[in-house]
Amino acid sequence: MVPPILKELFKTKKLDISLGIFIGMVIISIFGSALYPNPLAVAGPSYRPPSNAFPLGTDDRGRSLLALLITGIKNSLYIGVTAALISLAIGVTIGVISGFKGGVTDSSLMLITDLILVMPAILIMMLIAAYLKERNPLFVSLVIGITAWPWVARAVRSQIMSLKSREFMYMSKMAGLRDMRIIIEDLLPNMASYIFMAFVLLMSGAMIAEAGLSMIGLGVTKGVTLGSVLYWAQQNDAVRRGLWWWFGPPGICLIALAASLLLISTALDEYFSPRLKGG
Amino acid sequence: MSHRGKSLKKKLLSLYGNPFIRFVSRRVGFLIITFVIFLLIIFALPRFIPGNPLATLLYAIREMPPETLQLKQKQLIEQFGLGKPLEVQFYEFIARLFRGDLGTSYSYPGIKVVTMVFTALPWSLGLLIPASLLSWIIGNLLGALAAYKRKTLIDNALLPAFLTLTETPYYWLAMVLLYIFAVTLKIFPTSDAHNFLYFPSLRLTFILDVLWHWTLPFLSILMGAIGGWAIGMRSMVIYELGADYVSYADSLGLPDRKVLLYVFKNSMLPQITGLALNLGTILGGALITEIVFNYPGTGFLIFRALTQLDYPMIQGAFILLILTLLIANFIVDLVYAYVDPRIRTGYIGE
Chain L
1 MVPPILKELF KTKKLDISLG IFIGMVIISI FGSALYPNPL AVAGPSYRPP
51 SNAFPLGTDD RGRSLLALLI TGIKNSLYIG VTAALISLAI GVTIGVISGF
101 KGGVTDSSLM LITDLILVMP AILIMMLIAA YLKERNPLFV SLVIGITAWP
151 WVARAVRSQI MSLKSREFMY MSKMAGLRDM RIIIEDLLPN MASYIFMAFV
201 LLMSGAMIAE AGLSMIGLGV TKGVTLGSVL YWAQQNDAVR RGLWWWFGPP
251 GICLIALAAS LLLISTALDE YFSPRLKGG
Chain F
1 MSHRGKSLKK KLLSLYGNPF IRFVSRRVGF LIITFVIFLL IIFALPRFIP
51 GNPLATLLYA IREMPPETLQ LKQKQLIEQF GLGKPLEVQF YEFIARLFRG
101 DLGTSYSYPG IKVVTMVFTA LPWSLGLLIP ASLLSWIIGN LLGALAAYKR
151 KTLIDNALLP AFLTLTETPY YWLAMVLLYI FAVTLKIFPT SDAHNFLYFP
201 SLRLTFILDV LWHWTLPFLS ILMGAIGGWA IGMRSMVIYE LGADYVSYAD
251 SLGLPDRKVL LYVFKNSMLP QITGLALNLG TILGGALITE IVFNYPGTGF
301 LIFRALTQLD YPMIQGAFIL LILTLLIANF IVDLVYAYVD PRIRTGYIGE
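Protein chains in written order, with my numbering: chain L, 1 to 279; chain F, 1 to 350.
In case anyone wonders, no lab produced these hints; they're calculated from the structure. Do not rely on the hints blindly, as some may be mistaken.
What the hints assert, rightly or not - Straight line, CA to CA, 35 angstroms or less: simulated DSBU-like cross-link-like pairs of lysine-lysine: (1) Lys164/L to Lys265/F; (2) Lys101/L to Lys173/L; (3) Lys112/F to Lys151/F; (4) Lys151/F to Lys222/L; (5) Lys258/F to Lys151/F; (6) Lys149/F to Lys13/L; (7) Lys265/F to Lys149/F; (8) Lys10/F to Lys72/F; (9) Lys72/F to Lys133/L; (10) Lys151/F to Lys265/F; (11) Lys222/L to Lys133/L; (12) Lys133/L to Lys74/F; (13) Lys74/F to Lys222/L; (14) Lys13/L to Lys265/F; (15) Lys133/L to Lys265/F; (16) Lys258/F to Lys13/L; (17) Lys74/F to Lys84/F; (18) Lys164/L to Lys101/L; (19) Lys72/F to Lys84/F; (20) Lys151/F to Lys13/L; (21) Lys112/F to Lys74/F; (22) Lys149/F to Lys258/F; (23) Lys151/F to Lys133/L.
Build out the structure end to end from the sequences listed, making use of the hints.
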């Protein structure tokens with residue numbers, strides 16, 4: 001039995017296409033990394049264009065770019081998910097407390113949120129990363145995660161505010177339930193779809209942010225991400241030397257991943273907010 | 001005297017009652033707090049991050065000839081005021097900042113950080129200001145068009161294009177444009193901001209040369225930024241088109257054009273706030289784009305400073321960038337206060 005929500009959702013082609021692209025990339029990264037367990041190993045001569053032996057050519061050290069790309073997708077996805085979870089945890093916590101408590105707690109939490117919102121996340125990320133000597137994927141996720149949450153907090157807060165005045169809330173309050181229980185049992189389930197959309201958007205933002213950090217030389221210091229393949233291409237002047245197979249594919253994969261996630265959230269958004277759906 | 005004092009107080013009070021002044025002064029206060037917090041972060045990071053980066057730096061320069069090493073170490077200790085109590089360090093940091101002293105560069109000994117950043121900043125601004133304003137205008141118009149033509153071929157073609165563009169990093173777009181138009185077709189130069197045979201001047205040849213070098217980086221930022229604005233405007237207009245006043249105006253038989261104008265105006269306000277919020281993101285992307293083109297702006301400066309662990313330069317560049325950004329934010333706030341009728345009419349009513 002397919003739930004009616006899913007049927008309705010897949011009526012629009014947006015979700016089919018975007019989910020298809022995204023899941024395809026995930027599958028490639030999982031099975032591909034089994035095929036290429038050691039992407040950093042020298043595989044052949046340097047600067048080879050795509051051929052049968054090296055479907056995406058080789059880089060300056062003779063590493064297979066296909067192997068690097070596949071591992072890069074996997075690590076970028078890892079950073080995307082981890083950073084999004086960190087941002088979501090901070091953003092939802094602050095948003096819920098702020099919206100639920102109101103008063104001084106609310107205004108002081110929102111002041112902090114607004115302050116961080118004004119500060120450009122990418123610059124703060126660069127600053128923190130600049131002082132970290134070794135950066136593994138988890139560190140990079142942390143740096144991205146702790147700067148990307150303010151809009152989530154604001155959005156969750158306004159959701160809570162509107163949920164607070166619903167009838168079931170009064171019922172729960174009259175029943176004498178504790179705040180924590182009301183939040184977990186009444187409020188959060190009502191926002192599940194919303195939180196999921198935020199997660200998807202955060203994930204796509206985090207993957208783009210990772211690539212940006214890498215490009216300025218502040219990405220992971222060990223391992224491969226889509227950003228670090230782009231960075232190596234830049235460092236070796238791949239564009240001016242016409243080595244399109246080096247800088248092209250990682251960019252396309254990054255955009256495909258990020259754009260498919262954005263499209264997923266757009267499709268969900270149109271489904272869940274009737275005013276966008278109609279008209 | 002006391003009378004005058006009273007009237008001044010009254011005047012100030014009535015000024016604060018003015019919604020325009022109130023809005024703007026609150027925003028200024030907010031931006032100042034933001035700047036102070038940013039300075040705290042800049043101050044705290046090198047001092048509190050585990051695995052002290054300054055120690056790393058001292059370690060990294062250990063193989064220099066002894067006399068340079070001593071000089072560098074002395075510079076480092078002076079620059080960061082190491083060894084003194086923390087509050088003294090912070091006081092000195094702020095005091096120097098107010099004197100406009102951001103220290104001297106490590107990698108270019110004797111050259112002041114302020115000089116370096118102020119030489120680089122105009123190049124960045126020359127890319128950023130036109131690109132962000134123009135992308136904002138074009139994006140909003142295209143977004144409104146897509147919303148108006150909803151469920152037609154136009155929207156179905158535009159929306160995926162917006163979605164892809166907004167997720168395309170400027171620097172990757174820069175790489176692609178560079179590869180197509182400079183490397184393959186050889187229409188544009190492959191790097192730098194001007195030909196080094198020309199000495200910077202106001203002669204026409206130099207200006208044309210600068211524009212020629214400017215085109216590709218400018219286009220990368222412009223194209224990359226359009227998508228985001230268009231998506232925002234599209235959903236804003238769709239949302240407004242569903243509002244009660246639109247159906248009311250429709251039922252009154254108002255011409256479509258007039259209704260659209262109202263919708264456009266109402267959707268514009270949030271987009272102005274959006275401009276303030278997104279300037280930082282555009283700036284970040286533009287900084288990285290400069291690296292692709294070897295464009296001599298702040299991004300390229302920071303990139304080089306990072307590879308050379310030139311911490312005074314990194315600090316200085318970030319402080320001036322944030323300051324620029326907050327000033328830009330303030331200008332956008334002023335525009336917002338002027339455009340928003342709720343604030344403006346209060347202003348005129350005084």
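Hint-by-hint comparison with the structure:
no.	hint	in the structure
1	Lys164/L to Lys265/F	32 angstroms, holds
2	Lys101/L to Lys173/L	14 angstroms, holds
3	Lys112/F to Lys151/F	58 angstroms, violated
4	Lys151/F to Lys222/L	47 angstroms, violated
5	Lys258/F to Lys151/F	22 angstroms, holds
6	Lys149/F to Lys13/L	18 angstroms, holds
7	Lys265/F to Lys149/F	18 angstroms, holds
8	Lys10/F to Lys72/F	57 angstroms, violated
9	Lys72/F to Lys133/L	20 angstroms, holds
10	Lys151/F to Lys265/F	23 angstroms, holds
11	Lys222/L to Lys133/L	11 angstroms, holds
12	Lys133/L to Lys74/F	23 angstroms, holds
13	Lys74/F to Lys222/L	33 angstroms, holds
14	Lys13/L to Lys265/F	32 angstroms, holds
15	Lys133/L to Lys265/F	49 angstroms, violated
16	Lys258/F to Lys13/L	34 angstroms, holds
17	Lys74/F to Lys84/F	14 angstroms, holds
18	Lys164/L to Lys101/L	10 angstroms, holds
19	Lys72/F to Lys84/F	18 angstroms, holds
20	Lys151/F to Lys13/L	13 angstroms, holds
21	Lys112/F to Lys74/F	17 angstroms, holds
22	Lys149/F to Lys258/F	16 angstroms, holds
23	Lys151/F to Lys133/L	51 angstroms, violated
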